[in-house]
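Participant: Sequence:
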Amino acid sequence: MPLPNWLSLARLGLLSVCAWTWLLAGACGPGPGIGLRPKMRKLTPMPYKHFVPNFSENNLGASGRAEGKITRNSERFNELVCNYNPDIIFKDEENTKADRFMTKRCKDCLNRLAIAVMNQWPGVRLRVTEAWDEDGHHPPNSLHYEGRAVDITTSDRDANKYGLLAQMAVEAGFDWVHYESKSHVHCSVKADHSVAVEKGGCFPGWARVSTASGEWRNMSSLRPGEEVLALSGSGQLVLSRVLLFLHRAPGLRARFLTMETEGGGRLSLTPSHLVFLAPNRTLHPARYQARFASRARLGHYVLLRGEGGVRPGRIVSLTWTEGRGVYAPLTEHGTLFVDGVLASSYAVVEDHWLAHQAFSPLRLLMPLPQLGHAPYPTDPSVGGDWLKQTPAGSGHPGVGRFLSAWTEVGLAGTVWQTMGRRCTGTPACSTPWGASFWTPRAFTPKELAPVTL
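The sequence shown maps to residues -35 to -1, 1 to 418 in mature numbering (1 follows the signal peptide of the UniProt record, and there is no 0).
Hints were generated in silico from the structure; no laboratory data involved. Please note that a few of the clues may not be correct.
No farther apart than 25 Å at their CA atoms in a straight line, the calculated lysine to any residue pairs in the SDA-like style are these [said to hold, decoys possible]:
| id | residue 1 | residue 2 |
| --- | --- | --- |
| 1 | Lys147 | Arg65 |
| 2 | Lys62 | Gly138 |
| 3 | Lys34 | Asp157 |
| 4 | Lys7 | Asn76 |
| 5 | Lys62 | Asn43 |
| 6 | Lys7 | Asn60 |
| 7 | Lys14 | His103 |
| 8 | Lys14 | Arg41 |
| 9 | Lys126 | Pro87 |
| 10 | Lys69 | Asn106 |
| 11 | Lys14 | Ala31 |
| 12 | Lys14 | Trp86 |
| 13 | Lys62 | Asn24 |
| 14 | Lys34 | Asp52 |
| 15 | Lys14 | Pro104 |
| 16 | Lys126 | Ala137 |
| 17 | Lys34 | Arg65 |
| 18 | Lys126 | Asn106 |
| 19 | Lys126 | Pro10 |
| 20 | Lys62 | Lys14 |
| 21 | Lys62 | Asn50 |
Label pairs and their in silico Cβ distance ranges [claimed, not checked]:
| id | residue 1 | residue 2 | range |
| --- | --- | --- | --- |
| 22 | Glu227 | Phe42 | 40 to 50 Å |
| 23 | Arg279 | Leu329 | 33 to 43 Å |
| 24 | Arg252 | Pro12 | 38 to 48 Å |
If you're wondering where the values come from, they're calculated on a predicted model, not measured in any experiment. Backbone N, C-alpha and C define an ideal beta-carbon position, used for all residues, glycine too.
Hey, can you work out the whole structure from these sequences and the hints?
Facilitator: This is the structure we're talking about:
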């Protein structure tokens, strides 16, 4: 059945607004864009033998664990890319181009650093002395064997520049930087598959939700159209329909933060997903604010499902867990109870209300039969973002592309609005946290200690 003319015009108008929002965000918002070039802040050289972050390279909060050597004959060799950046000098002692092979994330960070080096010291280029190692010249479990580590200097080999070079590597996005030698700086990155998840927010496949029938369902078996237990804006328990999955990748490995509470509550989710927290025990749901999971601390309180309502639960344990499969269901109310703990459907932007408003047009369109009841692919091999696939039986081949465009462009505009404003009348303005945008990051074991908000 073709869509009515008024709906087609409405969709066209929404896409136009999204496009203008994207252009304005690029011109006036934060970061590189059409507007003025951002000013470089002054960097302080890293002291000799220091490393950032301040714990071991293989810690989950740094570059993570080694996953095994990559050889030219292994399947994982196809994960490496060759860096032919002319602005970088590769030593390549073996004359095998081994120093040019690295993961995509390592390549991206290295290319950013190369630009920074040329801007900082005109006439000087970045020099790579060691990258992927296929000859066994490093200790066991070295990330050099996986193309996730590089040793760098400047082309003029001026050791006086290496402290600043190390700090510039941190700014370029390397996940662990060590000024380990007077002859070079060591840098490494997380595995590409783990980074893809940390940029968004998801739950593991084993996490459970409560459906309309009262049974517990694993996140991996949940489908759009089903109803799950959630919390309304007025603080009432409701059944909320799953509209779609913002992210669904059964085969993707990720690390999850697991919160355990008094009373048996247990929630696992990625660090940049939103969960409702309060610094002190309170029975009023409105006093719990959506925060990145990485900001949870021992002694904070979350909301648990109770008899006929919700009850507070004190966090008594915070641990990291690794697993395969990531899922991010979007409900009509923007919330859901996962293993009995209330969480948001949203991530990346630390403002639940604003993220919920960004998806208002989507909620307006999804109830239509052509959009809301498209069969979900049941093939377990199907992964990635369902929004970018055209739902079977949707009645219109462009529905999947439209939803994808709305999600990506709409959220980009949301990030820009949030970063560009200060507290402006949202409920979060009355809380100690405020309502500004924060960039999610991993936290150290020391930061798991109780803090005062």
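Participant: Indicate, hint by hint, whether the structure satisfies it.
Facilitator: For each hint, the structure was consulted:
The suggested pairing of Lys147 with Arg65 holds, with an alpha-carbon distance near 23 Å, which does not exceed 25 Å. Between the alpha carbons of Lys62 and Gly138 the distance comes to roughly 24 Å, so the proposed pair stays at or under 25 Å and holds. Distance restraint check for Lys34 and Asp157: the Cα-Cα separation of roughly 15 Å lies within the 25 Å cut-off, and the hinted pair is therefore satisfied. A hinted pair counts as satisfied when its Cα atoms are at most 25 Å apart, and Lys7 with Asn76 qualifies at roughly 20 Å.
Distance restraint check for Lys62 and Asn43: the Cα-Cα separation of roughly 15 Å lies within the 25 Å cut-off, and the hinted pair is therefore satisfied. Using a Cα cut-off of 25 Å, the hinted pair Lys7 and Asn60 is violated, with the two alpha carbons roughly 38 Å apart. Distance check on the hinted pair: Lys14 and His103 sit about 19 Å apart at the alpha-carbon level, within 25 Å; holds. With a CA separation close to 32 Å, the supplied pair Lys14 and Arg41 exceeds the 25 Å bound.
Note on Lys126 and Pro87: the hinted pairing holds, with a Cα-Cα distance of about 13 Å set against a maximum of 25 Å. At most 25 Å may separate the alpha-carbon atoms for a hinted pair to count; Lys69 and Asn106 meet this at roughly 20 Å. Among the hinted pairs, Lys14 with Ala31 is consistent with the structure: their alpha-carbon atoms are about 22 Å apart, no more than 25 Å. A hinted pair counts as satisfied when its Cα atoms are at most 25 Å apart, and Lys14 with Trp86 qualifies at roughly 23 Å.
About 29 Å separates the Cα atoms of Lys62 and Asn24, which puts this hinted pair outside 25 Å; it is violated. Restraint check: the Cα-Cα separation between Lys34 and Asp52 comes to about 28 Å, which exceeds 25 Å; the hinted pair is violated. The hinted pair formed by Lys14 and Pro104 meets the criterion: a straight-line CA distance of about 18 Å does not exceed 25 Å. In summary, the hint linking Lys126 to Ala137 is supported, as the alpha carbons are separated by about 16 Å, within the 25 Å threshold.
The straight-line distance between the Cα atoms of Lys34 and Arg65 is roughly 17 Å, inside the 25 Å bound, and the hint therefore holds. Distance hint between Lys126 and Asn106 is unfulfilled; the C-alpha atoms sit about 29 Å from each other, more than 25 Å. Among the hinted pairs, Lys126 with Pro10 is consistent with the structure: their alpha-carbon atoms are about 8 Å apart, no more than 25 Å. The straight-line distance between the Cα atoms of Lys62 and Lys14 is roughly 29 Å, outside the 25 Å bound, and the hint therefore fails.
Taken as a hint, the Lys62 and Asn50 pair is honoured in the structure, with Cα atoms around 13 Å apart against an allowance of 25 Å. For Glu227 paired with Phe42, a C-beta distance near 48 Å keeps the hint of 40 to 50 Å intact. Separation of Arg279 from Leu329 is about 39 Å and conforms to the stated range, judged on CB atoms against 33 to 43 Å. Here the CB-CB span from Arg252 to Pro12 is close to 43 Å, well matched to the stated 38 to 48 Å.
When each numbered hint is compared with the structure, violations occur for hints 6, 8, 13, 14, 18 and 20.
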